[in-house]
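A.B. asks: Residue numbers (the working numbering), protein chains in the order written: chain A, 60 to 360; chain B, 60 to 360.
Mixed in with the good hints, there may be bad ones.
Since the list gives no way to pick one copy over another, a pair counts as held whenever it fits inside one copy or between any two copies.
Said to hold, decoys possible - Dumping the calculated DSSO-like pairs for lysine-lysine here, alpha-carbon to alpha-carbon at most 30 angstroms: (1) K238 x K96; (2) K158 x K276; (3) K276 x K201; (4) K276 x K64; (5) K200 x K73; (6) K238 x K65; (7) K120 x K200.
The set of hints was computed from the structure by calculation and includes no laboratory data.
2 protein chains.
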Amino acid sequence: MTNLKKFQTEWLPKINQQLEADLSDVSTDDDLVAMMKYAVLNGGKRLRPLMTLAVVDSFGKQITPSILKVATAIEWIHSYSLVHDDLPAMDNDMFRRGKPSVHALYGESNAILVGDALLTGAFNVIATANDNLETNDISDKKLLSIVQNLSRESGGSGMVLGQIYDMDNHNNEQNIDDKWLINNVYTMKTSALLRFSALTGAILSDQHTSDTERSIKEMMYNFGENFGLAFQIQDDLDDYAQDQLEDINSLPHLLGVTGAKSVLEKHLSLAQKSLDDTVKQNKQFNRNLLDDFINLIGDKK
Amino acid sequence: MTNLKKFQTEWLPKINQQLEADLSDVSTDDDLVAMMKYAVLNGGKRLRPLMTLAVVDSFGKQITPSILKVATAIEWIHSYSLVHDDLPAMDNDMFRRGKPSVHALYGESNAILVGDALLTGAFNVIATANDNLETNDISDKKLLSIVQNLSRESGGSGMVLGQIYDMDNHNNEQNIDDKWLINNVYTMKTSALLRFSALTGAILSDQHTSDTERSIKEMMYNFGENFGLAFQIQDDLDDYAQDQLEDINSLPHLLGVTGAKSVLEKHLSLAQKSLDDTVKQNKQFNRNLLDDFINLIGDKK
Chain A
60 MTNLKKFQTE WLPKINQQLE ADLSDVSTDD DLVAMMKYAV LNGGKRLRPL MTLAVVDSFG
120 KQITPSILKV ATAIEWIHSY SLVHDDLPAM DNDMFRRGKP SVHALYGESN AILVGDALLT
180 GAFNVIATAN DNLETNDISD KKLLSIVQNL SRESGGSGMV LGQIYDMDNH NNEQNIDDKW
240 LINNVYTMKT SALLRFSALT GAILSDQHTS DTERSIKEMM YNFGENFGLA FQIQDDLDDY
300 AQDQLEDINS LPHLLGVTGA KSVLEKHLSL AQKSLDDTVK QNKQFNRNLL DDFINLIGDK
360 K
Chain B
60 MTNLKKFQTE WLPKINQQLE ADLSDVSTDD DLVAMMKYAV LNGGKRLRPL MTLAVVDSFG
120 KQITPSILKV ATAIEWIHSY SLVHDDLPAM DNDMFRRGKP SVHALYGESN AILVGDALLT
180 GAFNVIATAN DNLETNDISD KKLLSIVQNL SRESGGSGMV LGQIYDMDNH NNEQNIDDKW
240 LINNVYTMKT SALLRFSALT GAILSDQHTS DTERSIKEMM YNFGENFGLA FQIQDDLDDY
300 AQDQLEDINS LPHLLGVTGA KSVLEKHLSL AQKSLDDTVK QNKQFNRNLL DDFINLIGDK
360 K
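Next comes chain A alone, as it looks inside the complex (with noise of 0.2 angstroms):
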């Protein structure tokens, strides 16, 4: 059993409590909660907050009831990218993991505001982490940075704006080439979102910014990033042995499967060199759960 197998079995249970708890609180409507967590809680591998959680737990800082909380938020955010994503106006998926899609259920306009409500919600989650605790476990000020972060990483300079160009993508209106994919669609779409988890578990466990000419923080949120490049590119591998002729654009479509396994081989070094990089700086650091992740990823699976 590797570290990160261990590591799963004792955090996943507690991200989805954690989950369904906030979930329940999250409004007076029944209606509104329940298509919440049909959209939430649907067997997801909540690979954001446990990255998060991961890196909390790689500095040796121990994972408290309000660092669950606020990873968890990452879910909120990553769902609702997930209800907008599927509307007919933009993928028009009717199923998601072998279920209706939230659109196809409850209809077009609940699917828009379902949305909206955990888009918004993951703020209140994150601005709620310390409640119902006697201490201030986690600092206002880090409170606020991970709220800046977050703001950054899911809008307009970060997921939103790859889904835009992930649209123009799909409607062919952009001249693409391997480039312009990997740093807008699969950068903005993909990695935003994974190295601001690496990122906030920096923050989290107090990696300050040193002095030194890279930052720990900036370490784990290159790591974030290339493990993210490299998780969407297998993803687009997976789907393209599935069915060759799909009219999106993808990696293996630009420089076929070899040619997109060694961009990925690359990006997967590039998050290897992070973690190199931040054992020399912090002697403390134990790699091997962030080893693991690697390893979910391209012929190491």
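Got chain A sorted already, so can you dock chain B onto it with the hints?
C.D. replies: Coordinates of chain B only, in the frame set by chain A:
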């Protein structure tokens, strides 16, 4: 010239400048910036940020650049809600203030994403309010409590829920009466953001919760809530005067013009009472500006 007119003449251009500056920075993508500006910089009255600033001014506190910036975040939220409400799956409005609505001009998927980016960006505006200033003008604790209040009042317990109820109302899915309409649609959809605006003014002018029975923050919250209800009923009375046959159930449809006017007067009186109470608690409080807000509505117009 009323106090409010003078106040508007001074602050409306500054609000619009701040909105313009932050919107210019929201994305590296010029097209997205242009769409977001189209949604926000549309000649609106900026009632909500003006209310926040008016409350700050009424307590004799100086309006700093950071306070101005926080107030404008409310307009990002208000604008996002209009963009999403206008969508084909919602109210299907092709026009907004005599110009094409965002989806009519830029398409449905862009309108959904512009709304998402505005909603997300509002939290970035608040979280970065102190940036570029030498001192932390507003404490992190205050900014975090503003994030917390905004995410509550605009999410699944506030504006989003109000829109869900309003859709039920449009679709005649609900056996509605005047109390249901006021408590659900009017309070959630309209009042939630106005009571947030007034409350935020109290927070920004350091009106701490006192030991007295009702705190100043609560009084401002109640002022905003009752002003918001009166404002919405006036809007419905204006619409009703133009077209009594519109198929949406509004208060004048349910209670007649005289009945609706009497509910409106009740909420204006309650708003005035909140100002009476505030004067009693805080001798420095100058109610003139907020009285002018009340005078915008109803027969006193």
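A.B. asks: All hints, please: hold or fail.
C.D. replies: Here is how each hint holds up against the structure:
{"no.": "1", "hint": "K238 x K96", "result": "between (37 angstroms within a copy, 29 angstroms between copies)"}
{"no.": "2", "hint": "K158 x K276", "result": "neither (38 angstroms within a copy, 46 angstroms between copies)"}
{"no.": "3", "hint": "K276 x K201", "result": "both (13 angstroms within a copy, 26 angstroms between copies)"}
{"no.": "4", "hint": "K276 x K64", "result": "within (25 angstroms within a copy, 49 angstroms between copies)"}
{"no.": "5", "hint": "K200 x K73", "result": "both (26 angstroms within a copy, 28 angstroms between copies)"}
{"no.": "6", "hint": "K238 x K65", "result": "neither (37 angstroms within a copy, 53 angstroms between copies)"}
{"no.": "7", "hint": "K120 x K200", "result": "both (18 angstroms within a copy, 24 angstroms between copies)"}
When held up to the earlier numbered hints, the structure conflicts with 2 and 6 and fits the remainder.
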